[in-house]
Amino acid sequence: MKECDAIVINIKDNVAIALSNLNEGQIIEVLLEGKVRKIKLRDNIKFLHKLALQNFDIGEKILKYGNVIGAAAKKIKTGDHVHTQNMKSLRG
Amino acid sequence: MDLYGYKRENGEIGFRNHILVIPSVSCANRVAVGIAEQIKEVISVQTQSGCALVGDDRELFKRTLVGYATNPNVAGVLVVGLGCETFSAESIAEEINKTRDLVDWIEIQQSGGSGKSIKKGCEKVREIIIQTAKYKREKVDLDELVLGLQCGGSDPASGITANAALGVATEKIVNNGGTAIMAETPEAIGAEHILAEQASTPEVKEKIINIVQRYEGNMKKIGLDLSEGQPARGNKEAGLTTIEEKSLGCINKLGTAPLQEVLEYAEKPSQKGGIFMDTPGFDNYSLTGLVSGGIQVMVFTTGKGSPCGTHIVPVIKVSSNTELYKKMKDDIDINAGTIIEGKEDKYTVGQKIYEKIINVANGEKTKPEINKESLFGIWRKLPSV
Chain Z
1 MKECDAIVIN IKDNVAIALS NLNEGQIIEV LLEGKVRKIK LRDNIKFLHK
51 LALQNFDIGE KILKYGNVIG AAAKKIKTGD HVHTQNMKSL RG
Chain D
1 MDLYGYKREN GEIGFRNHIL VIPSVSCANR VAVGIAEQIK EVISVQTQSG
51 CALVGDDREL FKRTLVGYAT NPNVAGVLVV GLGCETFSAE SIAEEINKTR
101 DLVDWIEIQQ SGGSGKSIKK GCEKVREIII QTAKYKREKV DLDELVLGLQ
151 CGGSDPASGI TANAALGVAT EKIVNNGGTA IMAETPEAIG AEHILAEQAS
201 TPEVKEKIIN IVQRYEGNMK KIGLDLSEGQ PARGNKEAGL TTIEEKSLGC
251 INKLGTAPLQ EVLEYAEKPS QKGGIFMDTP GFDNYSLTGL VSGGIQVMVF
301 TTGKGSPCGT HIVPVIKVSS NTELYKKMKD DIDINAGTII EGKEDKYTVG
351 QKIYEKIINV ANGEKTKPEI NKESLFGIWR KLPSV
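Chains as they are written, first to last, in this note's numbering: chain Z, 1 to 92; chain D, 1 to 385.
Excised from the complex, chain Z in its bound form:
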């Protein structure tokens, strides 16, 4: 698994998981459908935390494991840290 800076668990996912602590401004490599994609990080991303693979409008669904894990609570840009500050649950 550890060949890139971040992994995408399922091909439908629109977030990746950091495989180490990554830094704002770093250009990372993410393996997506067999191809390496370069993304510039807009935040520090801690080990195992999520980073956005696309832009999200408010309310747009966030996918991990090929399934919905929540929605954007604020506008999110590619390379942003995705977590409690900009993402909300759709359950509970």
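In short, the hints are calculated from the structure, not lab data. Just so you know, not all the hints are guaranteed correct.
Non-contacting residues of chain Z with respect to chain D, defined by C-beta distances greater than 10 Å in every case (computed) [unchecked claim]:
| id | residue |
| --- | --- |
| 1 | Ile11 |
| 2 | Gly25 |
| 3 | Gln26 |
| 4 | Val30 |
| 5 | Glu33 |
| 6 | Ile39 |
| 7 | Lys40 |
| 8 | Asp57 |
| 9 | Glu60 |
| 10 | Asn67 |
| 11 | Lys77 |
In the DSSO-like style, the derived pairs of lysine-lysine whose C-alpha atoms are separated by at most 27 Å in a straight line are [unchecked claim]:
| id | chain 1 | residue 1 | chain 2 | residue 2 |
| --- | --- | --- | --- | --- |
| 12 | D | Lys221 | Z | Lys88 |
| 13 | Z | Lys46 | D | Lys329 |
| 14 | D | Lys304 | D | Lys236 |
| 15 | D | Lys220 | D | Lys207 |
| 16 | Z | Lys46 | D | Lys236 |
Note that the Cβ used here is the ideal one computed from N, Cα and C, for glycine as well.
Once you have looked at the hints, place chain D on chain Z.
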């Protein structure tokens, strides 16, 4: 790999031969502990319940207590009561005696107080211990295995390392004809549609969706915000944002095993194979419910680092990341963090977990077992009165 277990009189197989002292109410805890202090072989649990129980909590308490005492890893049991609690020690012992021979009881008020009860309890326990020698390990079929699946202190690696590898081990056990019980209903919220797809019948499919939505609905009814408690603080610090994200990782413990039955809390399964039991995510309650449901061995995955185990069921602790394994080596049995490092895959680690389950069933000790880790708690759903 061969399996060797203790055959109980009701046909169930145990993989430990424990002597249990169990209180029928929290007021009897100190006497139960006092007996265990005097006779080192004895395991005592302490309950926070047993009195002022209302509604469904009454049946739930009795079912859990009796289920725990009749777990097949228990060879003999002494019930310690006070004398005025909801269910007397005698009535609990009678229930246990329906399926098990080696059971006795004492009552503190009848015996003349705590000191005399400890003495009387020790006398009875000595007799029980001598009789448990009748149980000897014999070769048993692999389909006798009933495994508990648990996670605690999950991190975002858990779903893709430890839980994924455990799912591989679960599939092996179920393919052998054995049983694997998963619990923690809140940690299926957001993933229940996947469990529903694995249901073996339309009834099971309906039931799994119902119990997950029932849990969610009950929170809403009393105006509680699930996200306050799930994911927990540690889960969020590690990077899990929502309950859906946590659940999708948690359910990987079951692998692709078809779901044969959905149980209420502390019910014993009537089927073999993949099972789901309704419990909270709070580990005291989920572990206890699973033990009362008859599991013999448990695999417990963790990302942040839970040292916990249970008194009478050996718990195999699996770390989701290598940093945790190095930090808490005294508490962790197997490291699945190698998966995210690209050094192993879920099949290799899954095979390690499977072999460990068989070895532990055959008597090998786990770290939580050696450390005498012991969570116990009977779920109390309704208000105290």
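27 Å limit on alpha-carbon distance, applied to hinted pair lysine 220 of chain D and lysine 207 of chain D:
holds (20 Å)
Please settle this one: lysine 40 of chain Z was flagged as non-interface, so is its CB more than 10 Å from every CB on chain D?
holds (20 Å)
Are lysine 304 of chain D and lysine 236 of chain D close enough, with their CA atoms no more than 27 Å apart?
holds (11 Å)
Hint check: lysine 221 of chain D vs lysine 88 of chain Z, CA-CA at most 27 Å. Holds or violated?
holds (21 Å)
Beyond 10 Å from every chain D Cβ - status for aspartate 57 of chain Z
Its Cβ never comes within 10 Å of chain D, the nearest being 18 Å, so this holds.
Minimum Cβ distance from valine 30 of chain Z to chain D greater than 10 Å, as the annotation requires:
At about 15 Å from chain D, valine 30 of chain Z clears the 10 Å cut-off, so the statement holds.
Glutamate 60 of chain Z clear of chain D by more than 10 Å, beta carbon to beta carbon?
holds (14 Å)
Claimed clearance of chain D by asparagine 67 of chain Z, with the beta carbon kept past 10 Å
violated (6 Å)
Is the Cβ of isoleucine 39 of chain Z more than 10 Å away from each Cβ in chain D?
Holds, because the least Cβ-Cβ distance between isoleucine 39 of chain Z and chain D comes to about 18 Å, which exceeds 10 Å.
Non-interface claim for lysine 77 of chain Z, where every Cβ of chain D lies beyond 10 Å
holds (17 Å)
Would you mind confirming whether the straight-line C-alpha gap from lysine 46 of chain Z to lysine 329 of chain D stays at or under 27 Å?
Holds - the C-alpha atoms of lysine 329 of chain D and lysine 46 of chain Z are around 23 Å apart, at most 27 Å.
Test the statement that isoleucine 11 of chain Z is away from the interface with chain D: the closest C-beta pair must be farther apart than 10 Å.
Since the minimum Cβ distance to chain D is about 15 Å, isoleucine 11 of chain Z lies beyond 10 Å and the statement holds.
When held up to the earlier numbered hints, the structure conflicts with hint 10 and nothing else.
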